[in-house]
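Student: Chain by chain, the residues:
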Amino acid sequence: KSCQTASIATANASAQARNHVDAQVQTEAPVPVSVQPLSRYNVPRLAAFLRRVEAMVIRELNKNWQSHAFDGFEVNWTEQQQMVSCLYTLGYPPAQAQGLHVTGISWNSTGSVVACAYGRLDHGDWSTLKSFVCAWNLDRRGLSPRQPSAVVEVPSAVLCLAFHPTQPSHVAGGLYSGEVLVWDLSRPEDPLLWRTGLTDDTHTDPVSQVVWLPEPGHSHRFQVLSVATDGKVLLWRGVGAGQLQLTEGFALVMQQLPRSTKLKKHPQGETEVGATAVAFSSFDPRLFILGTEGGFPLKCSLAAGEAALTRMPSSVPLRAPAQFTFSPHGGPIYAVSCSPFHRNLFLSAGTDGHVHLYSMLQAPPLTSLQLSLKYLFAVRWSPVRPLVFAAASGEGDVQLFDLQKSSQKPTVLIKQTQDESPVYCLEFNSQQTQLLAAGDAQGTVKVWQLSTEFTEQGPREAEDLDRLAAEVAT
Amino acid sequence: MEIGEEAEVEETLKRIQSHKGVIGTMVVNAEGIPIRTTLDNSTTVQYAGLLHHLTMKAKSTVRDIDPQNDLTFLRIRSKKHEIMVAPDKEYLLIVIQNPCE
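As you go down the protein sequences, you meet chains A and B in turn. The numbers in the working numbering rise by one with no breaks, and the one at position 104 of the first sequence is 104. The numbers in the working numbering rise by one with no breaks, and the one at position 58 of the second sequence is 532.
Warning: the hint list may mix true and false statements.
To be verified - DSSO-like mimics (lysine-lysine), calculated; alpha carbons at most 30 Å apart, straight line:
#1 K554/B x K63/A
#2 K409/A x K553/B
#3 K554/B x K533/B
Just so you know, the hints here were simulated from the structure itself, not pulled from any lab data.
With the sequences and hints as input, model every part of the structure.
Tutor: Written as structure tokens, this is what we have:
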């Protein structure tokens, strides 16, 4: 038998819409999930149901507990990426022409925009240096690596940057002058939303890091926390006409640090302890770790009540936040990062080229790794793999550590700069977990695509991390 | 009479929850609304809604293939744990277990 399709008939017709209707669409912030009350139920029928199924469920639970059917069985859902590759090389030529470094990097809440702050991190008087904050939207078609989607001119060097956790276009930055500014990148004509101004409350030293925190009681409103080498940790809220007002403040004073570790003695009595980095715990929203110029991390709490013994003027009473002092590095700390998977683990890295893995339960670090002969400028835990972290070194490379593979040397070493100029900052993208952005001294931001081994959690990783934390040094 | 059965319900759920590796236990009614749970509210609401849908789909799949057949048990194995659903006309019993490897 044979078959033959008949020839296809075609005809032409044209259509034109006559009536037009305009409509606008705006997404709103999601309403927080309300708690579902346990409803009334019929007890005898529920009891009868449970009687019916209990035996079967217990049998299945037993079988599952003893089963080896799935040992070593792994499924690959995504295309396997074997290598780490550089997806984008972004830069802003006017900033690079002035010799500016990328000092801070942040991904926005949707994971599609990466912003960088330009400034200088080496020693010198950068007080009159004009700088920029640039943002690139990586999801936009026609992305031009030399032309950011948004550029903000800033009168002073910007040293740190952080995007708002829910508003995709709001970004906060800390300046060399000690000010904290918040911009709205969706308004190119007038992006400045709030500023602290130069008041008695403002930091007197360059701001080392800014972080967004949810307001207690209002989980959809946020405040900005800034730390600086003047020893102050300040919490700001935007009020009225563009003014950031101080709501709470803390000051680190040498005398008030807990004596859980022996620290070098200082000649004067009351000296400020410069804060260089901050990281909040993912498990306790009031607990945070501060990195200091003295090289010792501090465990601090927003709920600390003791007044700080400082003469620094402030409109809000300053409190002493430190509750525990950890053993120091051989030099100032530049970055700290709290594990998103384990409540007690955090990393710190600094000028001694070492990364320390600490448990909050003891002063000496669990382990200390030398990653660089020069300084380490940034360290971040991976948001998806409990045993992975990345570090940026003064030798121009980004090192990816997988504690599951090797606890001695990095699993992957990415050379970011050709001339070994330092990489100053790096951030993982929590929405698109295969992306890692790093900024260097040449004013370039490189977006790296990580291989699949860095983006998918292995079957027992969380347990392995627990075991690592439990290996407390004696 | 009622008090005795209420205690029986609690005992049964406690037995299941204390089994080796069990992370959470919940009972969901025919509309997908949780009525007993050992997990926090937002997680429970999520599991209840999603698994109710999936169980209905699994049931209709089995019956479409063979109308004389019916779903008796549903197990979903993921990288991190195993979800077990015991379905019924009026209720669903959902147990999440972390299996030994």
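Student: So, for every hint listed, does it hold in this structure?
Tutor: Each hint, compared with the structure:
no., hint, result
1, K554/B x K63/A, "holds, 17 Å"
2, K409/A x K553/B, "holds, 28 Å"
3, K554/B x K533/B, "holds, 25 Å"
Comparing the model with each earlier hint shows no violations; every hint is respected.
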